[in-house]
Amino acid sequence: MLGKLDWSAIPFDQPIPLVAGAMVLVAILGVLAWVVVKGHLPYLWSEWITSVDHKRIGVMYILLASVMLLRGGSDAIMMRIQQAVAYQSQGYLPPEHYNQIFSAHGTIMIFFVAMPFVIGLMNLIVPLQLGVRDVAFPTLNSVGFWLTATGALLVNISLVVGEFARTGWLAFPPLSELSYSPGVGVDYYAWSLQISGVGTLVAGINLVTTVLKLRTKGMNYLRMPMFCWTTLASNLLIVAAFPILTATLAMLLLDRYLGFHFFTNEAGGNVMMFMNLIWAWGHPEVYILVLPAFGIFSEVVSTFSGKALFGYRSMVLATMAICVISFMVWLHHFFTMGAGPDVNAIFGIASMIIAIPTGVKIYNWLFTMYGGRIRFATPMLWSVGFMVTFIIGGLTGVLVAVPPADFMLHNSMFLVAHFHNVIIGGVLFGAFAGFEYWFPKAFGFRLDERWGKAAFWFTFTGFYVTFMPLYIAGMLGMTRRMQHYDVAAWRPWMIVAAVGMAVLTIGVICQIVQLVVSIRNREALRDRTGDPWDGRSLEWATSSPPPVFNFAFNPDVRGEDAYWEMKAHARQQSFEHEEPEYQDIEMPRNSPTGFVCAFFATIMGFALIWHIWWMVILGGIGAFATFVVFAWRDHDEYVIPAEEVARIDRINIEERRSLVSMAGAV
Amino acid sequence: MSDQTHIPAGHDLAPGEEEQHSVGERILGYVVGLVLALLLTATSFFIAGTDLVWQPSIPVALIVLAIAQMGVHLVFFLHITTGPDNTNNVLALAFGLLIVFLVVGGTVWIMAHLNANMPPMDQIMMRQ
Ligand code: HEM
Ligand SMILES: [Cu+2]
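Protein sequence lines correspond, in order, to chains A and B.
Numbering follows the working numbering, in which position 87 of the first sequence is assigned residue number 87; successive positions increment by one, without gaps.
Numbering follows the working numbering, in which position 90 of the second sequence is assigned residue number 90; successive positions increment by one, without gaps.
I should point out that these hints are in silico values taken from the structure, not numbers from a laboratory.
Here the structure is a predicted model, which is why all the values come from computation and not from measurement.
Just so it is clear, CB atoms sit at the ideal spot from N, CA and C, and this is done for glycine as well.
A hint or two may mislead.
[Stated by the list, open to error] Which chain A residues face chain B? A few, computed with CB under 7 Å, are given here:
id, residue
1, A240
2, G269
3, M272
4, N276
5, I325
6, F327
7, M328
8, L331
9, A339
10, G340
11, V343
12, A345
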């Protein structure tokens, strides 16, 4: 009846996950109870859960990423403490638990923190920057989000029901095959990634279509803000790469569920094919993450330097070059598998070539700053911190892309330091820069600068104190994923790294405090004009937060830095006074499709993991029925009458006008 | 949504959108596509099991049929044409082909070289 599920699935003998899980459960139930008692449930349901507004969905993506960042961060703290104490002893985490923690950490950080964070920011901002009212497929967008949330939920369920994979974040066979991992851990891993992978693919298709098809008047390709370009590149990579991940995991699942032999040791299976396929997705994936971050930095650097982006066209070219070359380097993750000198050399060279467009970008940002009037607001701090940090990470990347060097450094702590260097210094700093920069747009008030700066400096220093020692430990021969060790020379570096982790944690706390303080002072921090940073692109042309329809009129773009030119224009001629003629606007209706679909997907995923076949069928039918109901819907749009549009728009115009006249008076 | 669907930059449309033809014509297109697709599928199954043709040519024939099958899908179901309003779709197709070429080609190349650092097994076996 319940497949493999029984009471032994609850880890009563392991207090840490149980207590942690219980705490999370209590927190969730508490929040739910509060919501219901206070009567916020209808509001949540109609304004958020069923919302197909790209801004709301973007915010929910970012919320999911932030919550999961705390979960992944707790894993990180536990690992750093373990390695600091487990010198010639077992430490406090038994091996099978430690292995689950590093696997969950990697999986969560890549799939449920970095991905939703960048996808959330793209969702939130790209339609605004393009000057349009929504993404190409609003309801699909909601489906994508909720499927991602399903994946995250399944990973967290594994904390208390059953176990998580002990195989590392990419579940290499043969370890991940049934004979070596008979438990449900790998199944949790694989099904949550399959389900959230569908969500990611859907988001990718949606954003590619949005950029290609929905641009406002005059917004041709070479007038798009840089963030739209990197969004396009990143989502093209999603569309091209995620099917490889899905197919690879599907083969692994066939091995595990139906006795196939794709990657087994026996019966003609080939483990090396898994390595090949997973990295054919895996390397593009790192660029899927970092390209949007590059876009964010481009926006931030040019805004806070008060200058147009230097070398816009070379930046576009570099972005698209990275997009293609990132599909030509994947072997650098398994130089040591023995493809021989020819193959290794070619892929090594290709990996170094990809550093060239990246270098172009760095120079462009530097030249954008050069001669500009730079304001060091928090987003700018993150950007400058990124430039310094990412260069180091890129250089160590080029180093491990030299095959002979990689034979020494592969799977050492040096590698761990490299990829944290690029992912934290690149993706996470980018996400934070975007968060600080666009928060006022999303919520209508700025974030507290003092706490923001404190968060930056603690995170920045904490990062260096944590990860520079790992480079050294790697060069001293320490391999990754060690539950304990006996080499005295490594010990001091592990202790330093643990201290660094404490500093990083303070950074995260500062960020939380910043949020709380800013919400408290929101009246003082209110952004009335919609343009708090003196921005250059169209998202600043509407109010903060923008109305559902984003723009009363789709703006007319006449050049790069569209909003900057509009402002210059307006200052010269002052605002024209006759009021434009407002029109009705049609917007897509909210739809519970995404949430209901994900609800059934969760049931199906859970049932698949535990081999509860009747429940699998139930979940599958439910999800399919939801789709059919949606496909046969009748009314999916509603009308916002012209008077309402006019009312909303007039308020914003008034604010802006007073600002411009004030600026004129000074 | 309605007033943002006419796209200012360029004049290309989503697949399926370009159809200005009558319903009858459209159905005819799909039917032709379906028949061709079924025909190609049936032929593949037939070829795979037959001994009427020279055996070594069978894999080649299957590859040719598979590519033809993709062509039929692209033209009749996904409406890829060479018309000027189709640049986006053709570009997307080209990007897809490039990536498939890189991944499949690279994989074949890598997998064929994985024994490069192994001692020549056949000779070792013979010596024993
Ligand atoms: C100049 C650019 C880069 C080069 C040349 C480069 C090179 C490499 C190489 C050769 C490896 C494999 C080393 C080994 O396993 O022994 C590696 C691992 C890795 N890199 Fe990079 N990298 C670059 C940029 C990036 C960026 C931008 C990211 C992410 C945003 C990234 C994320 C990773 C990750 C996650 C791994 C390790 C995965 C694992 O084994 O678990 N790299 N890099
Ligand atoms: Cu790579």
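Hints, verified against the model:
1. A240: OK, holds: A240 of chain A within 7 Å of chain B, min 5 Å.
2. G269: Not OK, violated: G269 of chain A not within 7 Å of chain B, min 13 Å.
3. M272: 6 Å, holds
4. N276: Holds, because the Cβ-Cβ distance from N276 of chain A to chain B comes to roughly 6 Å (cut-off 7 Å).
5. I325: Check failed: Cβ of I325 of chain A comes no nearer than 10 Å to chain B, outside 7 Å.
6. F327: Result: holds, 5 Å to nearest chain B Cβ.
7. M328: 6 Å, holds
8. L331: L331 of chain A check passes; min Cβ-Cβ to chain B is 6 Å, inside 7 Å.
9. A339: Because about 5 Å separates A339 of chain A from the closest Cβ in chain B, which is inside the 7 Å limit, the hint holds.
10. G340: This interface hint holds because 3 Å falls under the 7 Å limit.
11. V343: At about 5 Å, which falls below the 7 Å cut-off, the nearest Cβ of chain B leaves the hint on V343 of chain A intact, so it holds.
12. A345: With Cβ-Cβ at 11 Å, over 7 Å, it is violated.
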